[in-house]
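Student: As a plain string of letters, each chain reads:
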Amino acid sequence: MPMPASARPESGASGLSRIIDAAPLVIFLGMLIYIGFNAPNFMSFGTMQLVLNQSVPVVVVCLGLSIVVMAGGDDVVSGGIDLSIPATAVICAGIIAQLVTNTDTPLLLAIALALGAAMFIGIVAGLMVTRLGMTPLLTTLALFVAVVGVTKVVTSSRRINVDDPFIIFLRDGEILGISAGVVITLALVLVFYHFIHRTKWGLNLQAVGGSCEAAEISGLKPGHFLFWAFVIAAFTGFLASFFLLARGSGSSPGTENNLMLEMVLATFLGAAFSPRRVVTLWGAVLGAVLVAALSIGFKTMGVNVFWTGLIKGSLILVVLALAALSSRVKS
Amino acid sequence: MNQTLKSIIARFGFLIIIVAFVIFFSAVNPVFLGGDNLMNIVEGSAILLIVALGMTLIVATGGIDLSVGIALDFGAAFAIVAMKEYGFGWYGAALIGISGGAIVGLLNAALIVGLKVSPFLATLGTFFIGSSVQRIFTNGGGPISHRRMPQEFRDLAVGDVFGIPTEVVIAAVLVLAYFIVMERSIIGRRVHALGMQRSAARVAGLKVNKYLILCFVAASMTAAVGGLIASANIRMFTPLSGFSYLLDAIAAVFIGAALHPRGRPNIPGTVIAVLFLGVIANGLNLMGLNFNTKDALSGIILVSALALVVAQQKLRH
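Sequence lines, in order, name chains A and B. Using our numbering, the letters of the first sequence map in sequence onto residues 1 to 331. Using our numbering, the letters of the second sequence map in sequence onto residues 332 to 648.
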């Protein structure tokens, strides 16, 4: 669980605390190895490919959520969080699918309109949080509902198939023998990583999230970074819509709830994997892939699908509790 | 001039919006302002109000409860199964239902107080586990119906006390109880204290953990009462149906908090916000809109209303 920076001594980690540090990751890997032994097909290239393909939309929205959390601080209720990203992804997918399939609009125009919608949502969220001072949790939850409502009008709550070659390429295409969606997502992760950790703007954004007051004293404007974090988050929603369209061969109603839960889980689980218990880009990506691996692992093991949520939920709570415990042992 | 306008908006902004919506809806459909329909609005808001009361308490402690829907479902499930499978009377079934809700609250409290997981993630975990338990128990989410439930239990939803629907009476009693505890008692002061300055409250000798446990259990038991009414109304338990109250309950609490002079979650504010949501839902229904359009409109109205109350709160300062 995320803790304020002051509660985290950086140096002098003893052997014990190092073991507890790694425990969340060890539990997850142990679980996967267990599945590997019990489901013979699990440890194969095909299954790994499937896991990565499944996790791609979640990974992309996790990038957006991580950036908002980094800019706004990691207190879920009062700090930065953006629950509207999955709704943005779903409405963009809906707009593209509806226009391309049902009205013969050229793909590029449909994409441009979807991008416009995403930017609008991001700007509204950013303004509401930074100008009106609304709680991000509440703002983005309400936006989530509003956007899902509008999506229903756009798609008439129907499933819409998309057979555009570009979307098919994202689903079936390969780059260097690895599926195109995965390669493109990896590239995206690297771009975002560079942006957040290697540019001045990105480092300033992290500084603002780490300690708003300190950053303000040194002349940074927290509102500026938070605003753009929401816009970037909406942009990741827009990007994720392509992978949603590819994964589902079109847009389907009701995708948003699952995507939201998985996004939140993966991102905060990622924080449990990081040694300092803070949300990081790689942690979120790892979280998304591991959660997808577990879901598919349970399926290949033949675990009743009704039980999956229970096992996943308990496991995640164990990991979060361990992370909280290790923070206490250290301090 | 500008200054007067500002002060009017600052003081009455949200009220003006409510009145504007009422005028608009009654202009579109005269039925809206009829006595029957006004009672419909109150009756239709009862369950949401009950759930929102518990949420107000949790938000006042500085936390959030994403598992109120699960507590509501458990309340309904335990009561229905107690009557159907074990032949309990209405009274026993209601108590068992409320205890079912308490289990959810205890799990949350154990995670938050015992394991130090943050309320958001702990209750999200409870939500996952609770949803899964319901799927397992009902073999994938089929409803459990109990057509021949005792009339007294059924009356929780369809009966009346001196002409006032029972569910409205139950909601009113709970509102009063919550109001007294949260706004007029030392317990309420302490709850607000630990929500505003937890470390200060701890230093001052407040038993923070005890209060957190009490609040999470109380909120879940309250939501379970909502579950009893919901199950009595349709004479069945529908798995995972509580989720639909979650967002509205959170929204109501925060709208209510924005109406408060110091921005604190409070019971009168929550009641006003729930009734506002009820007016919108009922009015849009009476307009006879397409289902999808209605969803879109109510979402947009919700976002605008939130922005407005917060802007109004900002203007006051």
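Since the hints were made in silico from the structure, they are not lab data. Where a beta carbon is used, it is the ideal one built from N, C-alpha and C, also for glycine. Don't take every hint at face value.
[As the list claims (entries may be wrong)] Result set (BS3-like, lysine-lysine): computed pairs, CA atoms no more than 30 angstroms apart in a straight line:
id	chain 1	residue 1	chain 2	residue 2
1	B	K337	A	K221
2	B	K337	B	K645
3	A	K299	A	K312
4	B	K447	B	K337
5	B	K645	A	K221
6	A	K200	A	K221
7	B	K625	B	K541
8	A	K312	B	K645
[Said to hold, decoys possible] Far from chain B by the CB rule (all over 10 angstroms, computed), these chain A residues:
id	residue
9	L138
10	T139
11	S157
12	D163
13	E174
Student: Hint check: B:K337 vs A:K221, CA-CA at most 30 angstroms. Holds or violated?
Tutor: Between B:K337 and A:K221 the Cα gap is close to 28 angstroms, so the pair holds against 30 angstroms.
Student: Quickly compare the C-alpha distance for B:K447 and B:K337 to 30 angstroms and report which way the hint goes.
Tutor: Outside the cut-off at roughly 44 angstroms; violated.
Student: Over 10 angstroms from every CB of chain B: does A:D163 meet that, or does the non-interface label fail?
Tutor: 25 angstroms, holds
Student: Report holds if the minimum CB distance from A:L138 to chain B is greater than 10 angstroms, and violated otherwise.
Tutor: Given a closest Cβ separation of 5 angstroms, the condition is violated.
Student: Compare the distance between the alpha carbons of B:K625 and B:K541 with 30 angstroms, and conclude whether the hinted pair is satisfied.
Tutor: 43 angstroms, violated
Student: Would the hint linking A:K312 and B:K645 be met if the CA-CA limit is 30 angstroms?
Tutor: Roughly 42 angstroms separates the two Cα atoms, so the pair is violated.
Student: Is the hinted pair A:K200 and A:K221 satisfied, with a Cα-Cα distance of at most 30 angstroms?
Tutor: 14 angstroms, holds
Student: Are the Cα atoms of B:K337 and B:K645 separated by 30 angstroms or less?
Tutor: The given pair, whose Cα atoms are some 11 angstroms apart, holds under the 30 angstroms limit.
Student: When you check the alpha-carbon spacing of A:K299 and A:K312, does it fall within 30 angstroms?
Tutor: 12 angstroms, holds
Student: Against the 30 angstroms threshold, does the CA-CA distance of B:K645 and A:K221 hold or violate the hint?
Tutor: 20 angstroms, holds
Student: Please confirm whether A:E174 is truly not at the interface, meaning its C-beta sits more than 10 angstroms away from all C-beta atoms of chain B.
Tutor: A:E174 is indeed farther than 10 angstroms from all Cβ atoms of chain B, at 35 angstroms.
Student: Closest CB-CB distance from A:T139 to chain B, is it above 10 angstroms?
Tutor: Given a closest Cβ separation of 7 angstroms, the condition is violated.
When the structure is compared with the earlier hints, violations turn up for hints 4, 7, 8, 9, 10, 11 and for no others.
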